[in-house]
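Protein sequences, first through last, are from chains A and B.
Residues in the first sequence are numbered from 0 upward in steps of one, following numbering that gives the first Met the number 0.
Residues in the second sequence are numbered from 0 upward in steps of one, following numbering that gives the first Met the number 0.
Don't read these hints as lab results, they were simulated from the structure.
No experiment lies behind these values; they were computed from the predicted model shown.
Ideal placement from N, C-alpha and C gives every residue a C-beta, glycine not left out.
Keeping only pairs whose Cα atoms sit at most 25 Å apart, straight-line, the calculated BS3-like set for lysine-lysine is:
1) B:LYS164 / B:LYS80
2) B:LYS77 / B:LYS87
3) B:LYS45 / A:LYS165
4) B:LYS45 / A:LYS163
5) B:LYS164 / A:LYS3
6) B:LYS164 / B:LYS77
7) A:LYS3 / B:LYS125
8) B:LYS164 / B:LYS240
Take a look, some chain B residues computed to stay more than 10 Å from chain A by CB distance:
9) GLY9
10) ARG11
11) LEU14
12) LYS125
13) GLU196
14) ASN231
15) LYS269
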Amino acid sequence: MTLKEQQQQFAQHIRTGAPGGLGTISSERMGVYRRLFWGNIEGYLSKILCQTAACIGEEQWQKLLQKFFAEAEMTSPIYRDLPAEFIAWASGQTTVDFPPYWLELAHFEALQTALVFAPDNASPAWLQPCAVAGYSYPVHQWQAGVVLQPTASFVAVYRAVEDKVKWLVLTPVQARFIELAQQTGLSLDEVVAQLKRELPQLQDIEQALDRLRQQEIIRT
Amino acid sequence: MILPASVGLGYRRGLADAFDAAPRSGFDFIEVAPENWMEIGGPWRKRFAAVAERWPVVAHGLSLSIGSPDALDVDFVKRVKTFLDEYKIASYTEHLSYCSSGGHLYDLMPMPFTAEAVAHVAGRVKQVQDILERTIALENISFYALPSTEMTEIEFIQAVLTEAKCDLLLDVNNVYVNSVNHGQYTPAEFIAAMPTEQVRCYHVAGHNQESENLIIDTHGAAIVDPVWSVLNEAYKVHGAKPTLIERDFDFPPFAELLAEAAQVRQLQQKLGAVA
Numbered sequence: 000m001t002l003k004e005q006q007q008q009f010a011q012h013i014r015t016g017a018p019g020g021l022g023t024i025s026s027e028r029m030g031v032y033r034r035l036f037w038g039n040i041e042g043y044l045s046k047i048l049c050q051t052a053a054c055i056g057e058e059q060w061q062k063l064l065q066k067f068f069a070e071a072e073m074t075s076p077i078y079r080d081l082p083a084e085f086i087a088w089a090s091g092q093t094t095v096d097f098p099p100y101w102l103e104l105a106h107f108e109a110l111q112t113a114l115v116f117a118p119d120n121a122s123p124a125w126l127q128p129c130a131v132a133g134y135s136y137p138v139h140q141w142q143a144g145v146v147l148q149p150t151a152s153f154v155a156v157y158r159a160v161e162d163k164v165k166w167l168v169l170t171p172v173q174a175r176f177i178e179l180a181q182q183t184g185l186s187l188d189e190v191v192a193q194l195k196r197e198l199p200q201l202q203d204i205e206q207a208l209d210r211l212r213q214q215e216i217i218r219t
Numbered sequence: 000m001i002l003p004a005s006v007g008l009g010y011r012r013g014l015a016d017a018f019d020a021a022p023r024s025g026f027d028f029i030e031v032a033p034e035n036w037m038e039i040g041g042p043w044r045k046r047f048a049a050v051a052e053r054w055p056v057v058a059h060g061l062s063l064s065i066g067s068p069d070a071l072d073v074d075f076v077k078r079v080k081t082f083l084d085e086y087k088i089a090s091y092t093e094h095l096s097y098c099s100s101g102g103h104l105y106d107l108m109p110m111p112f113t114a115e116a117v118a119h120v121a122g123r124v125k126q127v128q129d130i131l132e133r134t135i136a137l138e139n140i141s142f143y144a145l146p147s148t149e150m151t152e153i154e155f156i157q158a159v160l161t162e163a164k165c166d167l168l169l170d171v172n173n174v175y176v177n178s179v180n181h182g183q184y185t186p187a188e189f190i191a192a193m194p195t196e197q198v199r200c201y202h203v204a205g206h207n208q209e210s211e212n213l214i215i216d217t218h219g220a221a222i223v224d225p226v227w228s229v230l231n232e233a234y235k236v237h238g239a240k241p242t243l244i245e246r247d248f249d250f251p252p253f254a255e256l257l258a259e260a261a262q263v264r265q266l267q268q269k270l271g272a273v274a
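Please take these sequences and the hints and turn them into a complete structure.
Below, the structure written as structure tokens:
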């Protein structure tokens with residue numbers, strides 16, 4: 000066996016948790032690896048995505064994580080990217096038994112952690128570090144025991160002054176405004192002008208912006 | 000500037016308040032994992048920057064995966080360099096191991112101890128050192144299984160250090176753990192076999208003894224007496240060098256870590272008095 004094959008076999012054995020040992024390695028010692036590696040993945044994801052786990056139920060959650068652990072090819076060397084890796088993988092899975100919004104909920108949860116660490120040098124500089132997500136369900140309203148009804152929702156998850164991560168439900172105009180700002184990196188006035196060109200029928204843009212200022216998405 | 004006779008503590012988010020309140024003189028440097036602090040903003044960037052003003056910083060990576068069957072992530076190495084340069088970090092160490100195979104697994108797998116693996120690692124070390132413009136040091140890891148016994152662990156590490164011309168981060172806890180888990184050598188034999196001029200620094204930590212012949216390297220407990228003895232042995236053979244206390248879980252009152260740091264200093268001073 001080549002070095003590459005030896006290593007791939009070892010890693011694969013950890014991932015799939017095949018019973019028994021590996022070559023001369025005892026089942027007990029391979030079990031140690033399996034336990035440590037699984038604990039790393041399961042522990043972090045269950046902590047960051049705790050609402051998602053509750054939403055689909057602990058048993059299903061554990062099953063899904065096992066499959067993720069066995070199959071996923073995680074590309075990021077950064078451990079805190081694990082929730083994003085999980086979501087990327089899970090979006091390719093068939094999960095008809097779960098509430099249809101479970102993955103949007105996971106995305107919303109992961110975003111809140113991601114924004115704690117998001118770089119400071121947001122572009123444009125007059126905007127706080129912020130991510131806008133468009134969801135088909137109002138996942139920000141999720142609680143245990145509540146079944147969500149489909150309602151298109153834009154939610155901004157952002158780091159306000161004092162570094163507190165918050166979220167805010169946006170109107171479609173506000174969502175488009177932030178999207179334009181982040182895409183172009185232009186000044187506030189220029190973004191407003193561009194938005195007015197896009198939506199000439201738009202009446203009260205100042206009111207929409209005031210709310211973003213009050214909520215500390217736009218720096219004042 | 001980090002002197003040879005010096006002691007450091009691992010900076011972890013769970014210990015951040017304690018570091019902020021700690022006396023500057025309690026230890027000499029801090030160690031961080033680049034992966035946890037690079038490319039971040041917000042509160043943690045500020046806190047890290049403030050701590051990096053108070054103590055010199057060394058970096059101990061997690062995800063380089065130097066021995067991996069996957070291609071070397073050159074882009075990642077460049078990102079690490081940006082981080083090292085930004086905080087003026089001279090010393091970057093990693094693990095003589097791999098943590099990816101068909102994607103990352105975020106924990107350390109043991110290298111097969113073979114000539115092929117020596118050549119593989121040595122080639123990649125050269126590539127990494129060229130990008131980082133730094134000589135790196137690789138750590139002897141704890142392991143629980145031996146995928147190949149073509150060479151012994153000692154022979155393998157010696158061969159890598161000879162071929163790769165990199166330094167060694169001598170983890171004395173791992174020496175002890177492996178001596179128990181595999182019974183292939185005594186800690187003193189391992190220490191004596193390492194090339195002094197390539198020993199850059201030491202790690203010392205606590206562990207979890209699961210059974211008579213199985214210790215898990217958890218970094219989640221106090222340093223035990225046998226490991227203090229291995230550290231002392233290493234000092235006698237290779238001299239005092241920057242020594243890092245690793246504590247990643249089950250954080251004790253900070254006074255206990257400062258007491259361990261004081262104990263490291265005491266060992267280093269005792270050595271100086273003898274020499």
